[in-house]
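Given chain A's structure and the hints, the job is docking chain B onto it.
Here the protein sequences come in this chain order: A and B. Going by the working numbering, the first sequence opens with residue 1, and the numbers climb by one from there. Going by the working numbering, the second sequence opens with residue 415, and the numbers climb by one from there.
Derived from the structure by calculation, the hints contain no laboratory data. Every residue, glycine too, gets a C-beta built ideally from N, C-alpha and C. Careful: at least some of the hints might be erroneous.
Every beta carbon over 12 Å from chain B, so not counted as near; a handful from chain A, in silico [said to hold, decoys possible]:
| no. | residue |
| --- | --- |
| 1 | Lys101 |
| 2 | Leu148 |
| 3 | Ile282 |
| 4 | Val290 |
| 5 | Pro357 |
On the chain B side, residues computed to face chain A include the following (Cβ under 7 Å) [to be verified]:
| no. | residue |
| --- | --- |
| 6 | Tyr474 |
| 7 | Leu479 |
| 8 | Asn500 |
| 9 | Thr503 |
| 10 | Phe512 |
| 11 | Phe514 |
Taking lysine-lysine and the PhoX-like style, the derived pairs with C-alpha atoms no more than 25 Å apart in a straight line are [unchecked claim]:
| no. | chain 1 | residue 1 | chain 2 | residue 2 |
| --- | --- | --- | --- | --- |
| 12 | B | Lys438 | A | Lys308 |
| 13 | A | Lys180 | A | Lys192 |
| 14 | B | Lys560 | A | Lys308 |
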Amino acid sequence: MSTNFQIALRFLLFKKRAMLMTLSGIIFGVAFFILTQAQTSGFEQFFIRTILGTDGALRVTDRFQKPVDYKTIKMLDEEEALQVETQRKYIEGIDYPNTLKQAVREFPEVKGVAEVLRGQAEIDSRSRTQDGQIFGVNLNEFLSVSTLGSQIIAGSLENFEKSPQGLLIGSTLALRINVKPGDIVTLSCKGKSQRFSISGLFETGVGDIDKVRIIVHLNAARSLLQRPFGANYLQVSIDDPDRAPAIAERMKAVVQHDVSPWQRREKVWLDVFRALRFSSAITVSTIILVSALGMFNTLAMLVIEKTKEIAILRSFGFSKADVTSIFLWLGGVVIVSGTTLGCLTGALLTWGASNIPLRIRGIFSTDHFVVNWDSSHYIAAVITASVVVFIASYFPARRAARIEPGEIIRGTSS
Amino acid sequence: MSNETDIGKDSILSCRKLVRFLGKDENRTHVLRGVDFDAHAGKTHAIVGPSGCGKSSLLYLLGMLDRPDSGEIYIRGTPMARANDNERTSARNEHLGFVFQFHVLLPELTAAENVMMPMRKRDQLGESAMRKRAIELLDAVGLGDKVNRLATHLSGGEQQRVAIARALANEPPVLLADEPTGNLDARNSNIAFDLLSKLSHERSIAVVMVTHNPELASRCDRVLRMLDGEFLK
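This is chain A alone, in the form it adopts within the complex:
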């Protein structure tokens, strides 16, 4: 143990109450920083997982006619490019889904592609009629781009697979029209009605989906929606969803269809989560900041109270750098113990929060607090606390180092 560190510990004990208060502030600041980040990013990650599992990372939609060469657009500035984009003529839907699927599968990042035929329909359960959205899919294809398999909460996918006139219905919609697996419902669209048997209920967790979505076999959808050819869009899953925007740009250039990544589709909610995460980080950082101000105060007082001792240390050979290091060690002790205990407390609080029963039904559904265990939260908390505490100890340390031993010991100033 270095001499300077030993002296720092003695000084720490001299101001133990004030230091303990500062330390507590740092511990709780770090802990709450971690907890709020784990909680806000937990809900964000949960939302992203749900969205990816339901609507996929990419959606290939309307075909466009290219007004200029794609390379030319790349060379234009943002405003000019936007002008060209707005002049572009879009043709709704996909005319040749099989050819397009083949082209999309050529991308090495693509894990699965499924065509989706979508349309509005009325669902009648005899007790109640509701508007719904029909999603016509090839089941095996769709399972490769979604987590539908794990979203079934009643009935089964096997029943659906075996039954050409079977359907899967969102849990909220099922509740509204009061149906369960095995019940018969009528779907009506453009004056045409067909009877379907309910094979299962699914719950994506996203309220807006669960209250309208009805999944039927692609052929049944074609018949009901009277669209024998084409599709509305292709749902695409990729190996790294974070790279979706870049892959979408490349895909768009190749297939001449609009390709929307999940980040663009869910931009509003993602921005809300990001704003929440930042605002909670800023709010909680004030605890650390206030504690550091307390520490600055304590150390500044310590420098005043220990002026004579510092002068004596200087008189028998302690350099200015030694005096600085004594006070920086004080900060170091607070940083190490504060962030270590803060991280442990934060982990404990996060674990506790994850076990709090909390029923949320809205933009997503969950029955308990959702947390995200991410080392970056701990690193961010440690860096924030370390920087603030270092600054709080640096200035008193510098002041202590400037003490001239002769002036202090004699009590005179030259």
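Then chain B, alone, in the frame of chain A:
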């Protein structure tokens, strides 16, 4: 007094033509007016004079705790007046021991830990060797039974003796004492002075002592009288 060409012949610590002003503007005072001084090994030197004559200022300049406005200070012949802070700090650690009137000890440390502090800074001995030496020094100043006592649990006289032991921790060739008995009663003053005198002769240390006490001064090997920033001939 020796002149500048004699530096290093038989003195450990010397100064030549030392000038120092204190204060600013209208409060500026000419404290030292070209002082020459030599401290010799194994001798006790008393600097006496009325308050404000410049004796403490001289002591702090000799101890590298202050800088002169002009003149030179030599430690074993090496000029130090314009040395940088690190060189002066290092010189204090290796060559000089200080005893102050207000015997400032670090209150959070025991007597032994206080004495070990300069040794720790010098970093030449192991922990057990430092402790052994601290106990020896405390024993020499009559505090062998109080080595583990906190500084705050010692009397004024005991604290001053710990300060003397601490000043000797790194076996400095020069010990500078500013009114070392000024804060002690007569009995403790005699104990402290006898101790300094004994250590000076036994360990060949040059003791330079500023004092107001004429009786103690008369018991020193050399007595230098100061008036208005100059030594009286």
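(request) Against the earlier hints, flag every one the structure doesn't satisfy and list their numbers going up. (result) Nothing - there is no hint that the structure violates, so all of them hold.
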